[in-house]
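A.B. asks: What follows is the residue order along each chain.
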Amino acid sequence: MRKRSLRVLGAASLLFLGMPGLAAAQDGSLIETDVAVNSLWIILGAILVLFMQAGFLLLETGLSRMKNAGAVAGKIIINLAITFLMFWATGFAIGFGNGDNFMGSAGWFLSTGDAAGDSLSLGLLDFTGADYGVPVEAFFFFQAVFAAVSLAIVYGTMLDRTKFISYIVFGIVFVGLIYPIVAHWTWGGGWLYQDGFLDFAGSSIVHLQGALAALTGTLVLGARLGKFGKDGKPRPIPGHSIPLFMLGVIILWFGWMGFNGASSLAAVGANFADILVNTNLAAAGGVIGATIGALIMFRTLDVSQMGNGAIAGLVAITAACAFVDPWASVLIGFVAGLIAPMIVVGLDKMRIDDPIGAIPVHGIAGIWGTLAVGLFGTAARTVDSDLGVSAGLFYGGGGEQLWVQFYGVMATIGFTGAATLILWLIIKYTVGLRVSEEQELAGLDISEHGMYGYPEQFIEVPGAFPESTRHSVGMTMLSRPTSNSEPE
Amino acid sequence: MRKRSLRVLGAASLLFLGMPGLAAAQDGSLIETDVAVNSLWIILGAILVLFMQAGFLLLETGLSRMKNAGAVAGKIIINLAITFLMFWATGFAIGFGNGDNFMGSAGWFLSTGDAAGDSLSLGLLDFTGADYGVPVEAFFFFQAVFAAVSLAIVYGTMLDRTKFISYIVFGIVFVGLIYPIVAHWTWGGGWLYQDGFLDFAGSSIVHLQGALAALTGTLVLGARLGKFGKDGKPRPIPGHSIPLFMLGVIILWFGWMGFNGASSLAAVGANFADILVNTNLAAAGGVIGATIGALIMFRTLDVSQMGNGAIAGLVAITAACAFVDPWASVLIGFVAGLIAPMIVVGLDKMRIDDPIGAIPVHGIAGIWGTLAVGLFGTAARTVDSDLGVSAGLFYGGGGEQLWVQFYGVMATIGFTGAATLILWLIIKYTVGLRVSEEQELAGLDISEHGMYGYPEQFIEVPGAFPESTRHSVGMTMLSRPTSNSEPE
Amino acid sequence: MRKRSLRVLGAASLLFLGMPGLAAAQDGSLIETDVAVNSLWIILGAILVLFMQAGFLLLETGLSRMKNAGAVAGKIIINLAITFLMFWATGFAIGFGNGDNFMGSAGWFLSTGDAAGDSLSLGLLDFTGADYGVPVEAFFFFQAVFAAVSLAIVYGTMLDRTKFISYIVFGIVFVGLIYPIVAHWTWGGGWLYQDGFLDFAGSSIVHLQGALAALTGTLVLGARLGKFGKDGKPRPIPGHSIPLFMLGVIILWFGWMGFNGASSLAAVGANFADILVNTNLAAAGGVIGATIGALIMFRTLDVSQMGNGAIAGLVAITAACAFVDPWASVLIGFVAGLIAPMIVVGLDKMRIDDPIGAIPVHGIAGIWGTLAVGLFGTAARTVDSDLGVSAGLFYGGGGEQLWVQFYGVMATIGFTGAATLILWLIIKYTVGLRVSEEQELAGLDISEHGMYGYPEQFIEVPGAFPESTRHSVGMTMLSRPTSNSEPE
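Chains as they are written, first to last, in our numbering: chain V, 153 to 640; chain X, 153 to 640; chain Z, 153 to 640.
Treat the hints as calculated values from the structure; they're not laboratory data. Just to be clear, a hint being listed does not mean it is correct.
Chain V is faced by these chain Z residues, among others (derived, beta-carbon under 7 Å) [stated by the list, open to error]: (1) Thr185; (2) Ala188; (3) Leu192; (4) Gln205; (5) Thr213; (6) Gly222; (7) Ala225; (8) Gly226; (9) Leu237; (10) Asp252; (11) Pro287; (12) Ala290; (13) Phe316; (14) Ile320.
As the structure is a computational prediction, the values presented were derived from the model and not from experiment. Glycine is no exception: its CB is placed at the ideal position from the N, C-alpha and C atoms.
Please take these sequences and the hints and turn them into a complete structure.
C.D. replies: Written as structure tokens, this is what we have:
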């Protein structure tokens, strides 16, 4: 049976790469069990990462105005849908299919030689699903939800003022083309992989890419109305719910256990417990760092900075979690958290409006974490990491590794920065990127979606929302609905 | 040791049904490991499905008025409690115990020959826990949380106007008797199973049943006050929080990974990754379909329809996820989402009040999904599905399968529709089904529970809530509490 | 290779303790698989327990005033950070490292003979990570999140009036010293373990300890302003959101599946399905008990009591879930739920202010559950429990076991009660424990954190919040922020 024999081959490849668990198995059955165990971990990891969408929903809603809360919800759900469809159509093939050093070009729509997907050949190293020890569908699911995370980061920075249609167009191109190209460079066996670039679970590939798109987006879009006074000074526009924001942070922390942990891509013989201890220590370090950073910058115990510090620590450890010692994890997280409030102030000075802080916590922390692999990675850890497919084979150590990490980051910035900037500009001059001023004042909920996110709560809207705009968007729940309190 | 030998027997049965993973194992230890791996998947699936109660809590709370939000919370928790107790007492025995083609009649209170439950004989095919390769307690837990999902669906449609006591009475009978009878027909090896009816994870068994109870309930109960004007035209009564609603949607999506995925009832040798790829693609298709459907029907980007589209897609793929190709999954989900807003309008025209849209997204999508097995199922997928106990043995293909699917749906509608209708009528004329008009106007929180769901927020309540009603319900938090702002 | 051989040794120890799954394995590979399967269960359990922090966030936020909601969020995240850092630094070594009968004294900062942690010797019985069949890092992660649960319990009782800095100081000492000492007595192989004390997942060790710290904390701190009238009569100060509270309850229930289930510390050969059936039945019993208890005490269907009943049932079954039959689980949960509202009234009479009910649902239920092991435990269940390291070896049965359970509880009360009381007093007379009256009236959000938890919602604050206090806390978001509705 073709399926069986390929899986055996896959297991043999894993063996070669240092997974002792499969060494003595001569019959097929233990291999089948190991495939199931590895699949369970990757699938459960994917499920946890899928749930991170709830984290982004809450983090972004919590930091948006009440009049825009429903619009955030709409964006999250449509983008999750777009991600699954586009990653299935093209993203997975470009990211992980056979092709060249730049991008893959096989495996569209998960198309393979037979229904079970065994013959899909992934990446330059001829990765098949079997090579990962898991069915290709499990690996697809895992990678698809990573793309969804990268996309979700973008929208937080652009909330409260962006046209719904522009999200759809951007999401299609970002997930279907831009994101997977950079993913291919490393995880698909492309040129950065061959140079020895290490980004375990995607500090750069997932988080920095998302933050770059957010940065170019907010540059093209401009700041929210009222964010910067006539004197150029920033004015705080706090979100509407710190409890929902913090629930989002904890959901993201929870989901990160799958994000980093299951990036071991195997459970049998893999040290995913190590990875998760490092991940949690970095998150803890991030909270402490951001608490101190906010005290320094704002002289207050800023709860939103504390929550964002956890995210910054998690982003920073994402590249390095399999390669460093626990003490280094604490330090990596602490620094990421400490500098985040400083970046916030710096962006404000540059009049760059980033409502959720995606640029400091996903961008700067992503860069820092990727470089930290070169600063704190140890060969022992790296070899021990059981990331069968790459780590350790190329680990250069110290300065050599740091140099690779550096130009890997630079390449990501150059490519994704340019590609997303062009894409935003195209959107701006075609379907349009920003809502009208009157729509922004009224809030996106009513002006874009024809309904309120909090229909029963008083929301201050200056002036009547003009009739003309109303009719352009729909008619279901346009006016504040009559209460059902009055019987007929 | 009896326990061991039965498990070996169970594994042998699985082997016969195409689980190659256990073929070469001659010693007991690998089987013990496989039992652990399979148990892990089913238990983790059950845990995810348990969490779907949080999804229903939020979806239903989000779509209810602020004055009824606490009552929704009370119903969710009491019904979860009732489900576990009743499914333990009678539901599991009726659904999965030995009996006849119509219902089981053994295994009350999980009673079995010995404490470990090994000798429980389940269903006509003499399913023992061992036959599933997992302890019977794991299978019980998994099935119990499915019953809880079916029950949770009911209440959304009836919110804002139903007496608390009626939920309790209904829940006891529904979980303890009605739901498990229909479950027995297919999953317990009853007559539909023998006819070859395929409902992988319960589009009909779980979702359609819940929606039928919701439909008969709302018919007996009537619409919310103010929902339909004197002219018969529907008036929108939007829920109070779109962010909480959408959080509920994503939690349900997350939980569905266990709902559909772990319905493979095994991990070793099972293709649960395939199932989950199909499930996610259908959810994505549902979002896109509902977005378009809402644009057509309402000319607006309706966020609540978008969220419900995800649920519709998930419900529809639930029967078919193990039997169809990815492209068919997208289509199945898309159609379910597309028609949902149209059903909403149709129900409004028929003056049927369904606040959360349970009838379109769980009922109509459930029917559609069950039929879709006949339309899109492929023998290759079916045989490959590793649902050891049923699929493939009976797969008729094309028209033959579609016919079985059709009368399986009809039988479910006939039985559950009639049984729940009778039950609601009995409730109506005994303990009472609907609160008084003054209670409904005041909101169920204060009138049924003596407390507000949002005690600090202004909620418009016309007229004073009458003293008489107040005292009938309790006295803890009757009046809006004084702030603790005033020191003594 | 040292690592491999130690793991084999570990597996051999497990075998000795009754895990048949490993009996026939002669080659290393099946053991490697079993280590992976066991690790998966413990790690996934730890991830679920980590998520319980979201449950505490919501339960405590939901039951706090709107003006203090952001402060609760800040406490949850900082304490999670402190827990990971302190449990890594000292807590794990004291709790599980080698030492004497009272406390461990090895393994600081997870320090071990080599990087993989194999040579860490844990506890008096020379538990190594290998003895548990899992890497020591997995066991550390699991234990660290348990400590975080214990700490989270404390803060609910003290909300709305406690200085932020005092939480930090308390958390460092509690997680780093007090909690692990008591944990060591039983789980680290100390004197209570040797006496045969059974506390499967920590009714006393985790929940009672947390509740004791809460009790001593609220005694030193005093009640919230306005909680007790001049006549001494309690006045209700309801929380601000029942939906968020109930979401917290369901998240805790969800997380408890990992808390109790993965306390089997193994998956292969362990009966974790039994444990979870018992856990769910007890939670269900707790809801029913609390519903009845609230009807008796308050003559109302009190939703917050119903939710707390689920928690009480879960706390009570935590010690006994591996040792009792399902019917006993229902009874244990029911009693815990039934008495909770009565304890609430009793505390009110004693003028002890416990906003979230931590004392009844974690303290009294924790004591009840620990004693219930002696009342309802059965030797058959105990031996079958597969808690390899302890249960069954010492099970005394009936009166003998009950006596051990009793003095185990008393020792916990004595030690933790005294230690936390002293600690709170030290905090009170150094950094200070309670905010000023004017800060409490204004709410902790603005007075301690310089920002509102719900910046857009009207919160009744009597009198202007004085300038002097404002400036002492920061300057970012001091005044209610101007809306972004007004364009420049």
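A.B. asks: If a hint holds in the structure, say so; if it doesn't, say that too.
C.D. replies: Now the hints, each set against the structure:
Residue-level restraint check for Thr185/Z holds (minimum Cβ-Cβ distance to chain V is 6 Å; threshold 7 Å). About 4 Å separates the beta-carbon of Ala188/Z from the nearest beta-carbon of chain V, less than 7 Å, and the hint is met. This hint holds: Leu192/Z has a C-beta 6 Å from the nearest C-beta of chain V, less than the 7 Å allowed. The restraint placing Gln205/Z at the interface with chain V holds, with a minimum CB-CB distance near 6 Å, inside the 7 Å limit.
The restraint placing Thr213/Z at the interface with chain V holds, with a minimum CB-CB distance near 5 Å, inside the 7 Å limit. For Gly222/Z, the interface hint holds, the least distance from its beta-carbon to any beta-carbon of chain V being 4 Å, beneath 7 Å. Contact between Ala225/Z and chain V, as hinted, is supported at the beta carbon level, the nearest pair being about 4 Å apart and thus within 7 Å. Hint on Gly226/Z holds. Least Cβ distance to chain V is approximately 4 Å, under the 7 Å limit.
Because the beta carbon of Leu237/Z sits about 5 Å from the nearest beta carbon in chain V, less than 7 Å, this interface hint is met. Interface restraint check for Asp252/Z: the shortest CB-CB distance to chain V comes to about 26 Å, outside 7 Å, so the restraint is violated. Checking Pro287/Z against chain V: minimum C-beta separation of about 5 Å stays under 7 Å; hint holds. For Ala290/Z, the shortest C-beta to C-beta distance to chain V is roughly 4 Å, which falls under 7 Å, so the interface hint holds.
Nearest Cβ of chain V to the Cβ of Phe316/Z: about 6 Å, under the 7 Å cut. The hint holds. Annotation: interface hint on Ile320/Z violated; nearest CB of chain V at approximately 9 Å, more than 7 Å.
Hints 10 and 14 from the earlier list are contradicted by this structure; the remaining hints agree with it.
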